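The C-terminal position of the sequence shown is numbered 63 in the working numbering, with every residue numbered one higher than the one before it.
Careful, some of the hints might be misleading.
To be verified - Computed spacing ranges between beta-carbons, pair by pair:
{"hint": "1", "residue 1": "V36", "residue 2": "M1", "range": "29 to 37 angstroms"}
{"hint": "2", "residue 1": "I55", "residue 2": "I5", "range": "16 to 24 angstroms"}
{"hint": "3", "residue 1": "D23", "residue 2": "D59", "range": "39 to 47 angstroms"}
{"hint": "4", "residue 1": "R12", "residue 2": "G50", "range": "17 to 25 angstroms"}
{"hint": "5", "residue 1": "M1", "residue 2": "P58", "range": "43 to 51 angstroms"}
{"hint": "6", "residue 1": "A61", "residue 2": "D21", "range": "37 to 45 angstroms"}
{"hint": "7", "residue 1": "G56", "residue 2": "D24", "range": "16 to 24 angstroms"}
{"hint": "8", "residue 1": "C11", "residue 2": "P43", "range": "19 to 27 angstroms"}
To be clear, the hints were calculated from the coordinates, so they are not data collected in a lab.
Computed from a predicted model, the values in this text were never measured in an experiment.
Ideal Cβ placement from N, Cα and C applies to all residues, glycine included.
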Amino acid sequence: MARWIAGLDGCRGAWAGLLLDLDDPGRHRAALFETVAACLDGPEAPVSVGIDVPIGLPDRATA
């Protein structure tokens with residue numbers, strides 16, 4: 001059974017994801033997920049998920 005990991009980045013109304021098979025690094029796929037749970041519950045069932053979340057960014061630009 002393949003072991004997968006995933007990386008997710010928020011986009012408008014969904015999560016953009018890249019999944020990588022740890023046992024065969026040449027095997028990967030990109031997908032859009034409605035929720036993080038949809039990624040976790042998907043056919044690859046990743047063993048680990050990294051989520052890109054910006055923290056501490058200003059709401060608007062400053063001079």
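Handout entry: Outcome of range test on Cβ distance (V36, M1; 29 to 37 angstroms)
Key = Roughly 22 angstroms apart at Cβ, these two residues miss the hinted range, so it is violated.
Practice task
Mind checking the hinted window 43 to 51 angstroms against the Cβ distance between M1 and P58?
Solution key: At roughly 45 angstroms between Cβ atoms, P58 and M1 fall inside 43 to 51 angstroms, so the hint holds.
Exercise for the section: Mind checking the hinted window 16 to 24 angstroms against the Cβ distance between G56 and D24? Expected result: violated (37 angstroms)
Problem - Outcome of range test on Cβ distance (A61, D21; 37 to 45 angstroms) - result: This hint holds: roughly 40 angstroms between Cβ atoms.
Practice task
State, for the Cβ atoms of R12 and G50, whether the hinted interval 17 to 25 angstroms holds or is violated.
Solution key: Holds - the Cβ-Cβ distance for R12 and G50, about 20 angstroms, lies within 17 to 25 angstroms.
Handout entry: 39 to 47 angstroms as the expected CB spacing between D59 and D23, which holds or is violated
Key = Holds, at about 43 angstroms.
Practice task
Take a look at whether the Cβ-Cβ distance between I55 and I5 falls inside 16 to 24 angstroms.
Solution key: Roughly 22 angstroms apart at Cβ, these two residues keep to the hinted range, so it holds.
Practice task
Could you see if the CB distance from C11 to P43 stays within 19 to 27 angstroms?
Solution key: holds (21 angstroms)
The structure shown violates the earlier hints numbered 1, 7.
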